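Colleague: These protein sequences, in sequence, are chains A and B. Read in numbering that gives the first Met the number 0, the first sequence has 148 at position 149, and its numbers run on one by one without any break. Read in numbering that gives the first Met the number 0, the second sequence has 85 at position 86, and its numbers run on one by one without any break.
Hints listed in this document are in silico derivations from the structure and should not be mistaken for laboratory results. This structure is a prediction, so every number in the text was calculated from the model and none was measured. Idealized CB from N, CA, C, for every residue including glycine. Hints are supplied without guarantee of correctness; some may be wrong.
What follows is a list of derived Cβ distance ranges for each label pair [unchecked claim]:
no. : chain 1 : residue 1 : chain 2 : residue 2 : range
1   : A       : 249       : B       : 64        : 41 to 51 Å
2   : B       : 175       : A       : 281       : 48 to 58 Å
3   : B       : 39        : A       : 99        : 50 to 60 Å
4   : B       : 130       : A       : 83        : 25 to 35 Å
5   : A       : 281       : B       : 55        : 51 to 61 Å
6   : B       : 10        : A       : 281       : 26 to 36 Å
7   : B       : 11        : A       : 83        : 44 to 54 Å
8   : A       : 23        : B       : 132       : 20 to 30 Å
9   : B       : 216       : A       : 53        : 45 to 55 Å
Some chain A residues near chain B, calculated using beta-carbon distances under 10 Å [as the list claims (entries may be wrong)]:
no. : residue
10  : 91
11  : 132
12  : 187
13  : 190
14  : 194
15  : 253
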Amino acid sequence: MATMSGERPRFATYMIVPAGIVAVVIVCAMALMLQDAFRVHVPGTLDVGGFTLDNFWRLNRPIYTKAFLDTLLYAALCASLDLLLGYPIAYVLVRARSGWLKSAILIITLMPLFSGDIVRSYGWLVVLGKYGVINMFATGTGLVAEPLQLLYTPTGVVIALVQYAMPVMVIILTASISHVDTNLERAASSLGASPIATFFRVTLPLTLPGILSGTITIFAWTLSAFATPQIIGGGRVQTIATLIYGVGFSNFNFPLAAALSLTALILIALVLAVGGGLARMVITARGLT
Amino acid sequence: MNWHAKAAIARSCAWLFIAFVLLYLMLPTIIIATASVSSQETLAFPPAGFSMQWYERAISYPDFQSAFKNSLFISLGTSTLATALGTAYAYVLERHNFPGKKLITAALLSPLVIPHFIIGLAVLIFAVQLGYVRSFETIILVHIMIVVPFVVRSVLVSLRMIDTDVERAASSLGATPFTVFTHVTLPLLAPGIFGGWLFASILSFTEFSGSLFVSTQSTQPLPVAMFTYIRDFADPTMAALSTIIIGVVAILLVIGAKWFGLSSIISVHDDAH
């Protein structure tokens, strides 16, 4: 910030305006939608009635609480699986010597981030289907007698969500692993530690900040995912996001959809705040920066 | 067994594991590409014969044609506007102080943690209140909100790599702050800006959740049309279209990596949340 001056040239003020307008519209639109959460739903119209807290009491029904708990479970599963599968990939991306190998792994890993929700989910629809490649393999090799039901099940949704979130996990872990001072690893081996011991007792603990931040980020990401559970779940797997879609656009109950959205946003904010706080505590306690 | 042998076994296991994960990540792409050239009506695997008929159908299907034009218009509009306002904002954010700096920045970056369909729903309610119908403007507005955080961050990364001495040299030689910005800063930022623009275009072109609520039959972008198609048909037309999209995106990514530095795009995500 060497050139940060107290005197702000006039053109700089004008340059804030367009982005400022977008920021104001985001805040207004979110506030306008979220205040619907406190309004009465008038069936058959998009208009809302007077003030009420009923929308929040209705969230206490089993169908809503189940969707919330299920979503938390799927998000936790995805975060753990992404960490487990993503760490070796990130490690190779940082430490591999071959340039083309790195580039190839990078493109393969990042592709799910850029192909878009629909193309990605459609791919899994084909792979997980009754006559999809997984079932072809499973029945063909005699592992199972009957085709597995993967589509429209939580298992299928988690398989697809883990791929969806993998690029972000790998990006965060890569940044963390590349910050590890390789001299520490060399010191450990010169003192007689085996490569396996060096990895588990030096490298892995040093990347704890990245592991925590990756896990929290993926948890929040998969918590709010919509297209994947909607398409792979096919209405038989309900998450918070698919529930809001159903309530808002099949029943046109905007107040209830807004109450669900507000609750989901608070949940996401809590995850990020509690997770972030926890991560900071662990990092300070272990003396990592 | 000494640790050399153990390490060699561990290394082989690790590579096997990595190969398995990479196969898992690529599996849908491989299967879609294979299924897209099938001569069969159904999506069975392995495909029975070879044919390009699904590519012909994907390209000639009227809903896809109009949705493709919509998507092109929306993504070019979004990326150009978002890059312009995001670059301007990132510059002032990095170089100057202004009232409400923290609040405006937080609001602008908030779409990173808000589910996109909630943003779409909110903007739809907002637009209805203002008496707007669902139009291209509303879709582009939602898309700008979704991509602007990425543009701002990638421009910030490039801004921090600029040697500020060059800017100071220009002003000490008598250039006005505006001239310094247009003649020194902007040209130096160009690769970062183009990278951000390309990235924003891809994100907007493939955006689905944010578009779903604010688009209609006549304004629907390609991902929404594809979503409808999946519900109504099960033939490999979608496989053909998906293969085309994956191919184009892969080519753009390689170009992006080569000329604009994919690394700056990637660092956008690091600590973004």
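Colleague: Are the hints correct? Go through all of them and say.
Modeller: A quick look at each hint next to the structure:
no.: 1; hint: 249(A) x 64(B): 41 to 51 Å; result: violated (29 Å)
no.: 2; hint: 175(B) x 281(A): 48 to 58 Å; result: holds (50 Å)
no.: 3; hint: 39(B) x 99(A): 50 to 60 Å; result: violated (36 Å)
no.: 4; hint: 130(B) x 83(A): 25 to 35 Å; result: violated (51 Å)
no.: 5; hint: 281(A) x 55(B): 51 to 61 Å; result: holds (57 Å)
no.: 6; hint: 10(B) x 281(A): 26 to 36 Å; result: holds (30 Å)
no.: 7; hint: 11(B) x 83(A): 44 to 54 Å; result: violated (19 Å)
no.: 8; hint: 23(A) x 132(B): 20 to 30 Å; result: holds (22 Å)
no.: 9; hint: 216(B) x 53(A): 45 to 55 Å; result: violated (34 Å)
no.: 10; hint: 91; result: holds (6 Å)
no.: 11; hint: 132; result: holds (5 Å)
no.: 12; hint: 187; result: violated (13 Å)
no.: 13; hint: 190; result: violated (13 Å)
no.: 14; hint: 194; result: holds (4 Å)
no.: 15; hint: 253; result: holds (7 Å)
In terms of the numbered hints stated before, the structure departs from hints 1, 3, 4, 7, 9, 12 and 13, listed from lowest to highest.
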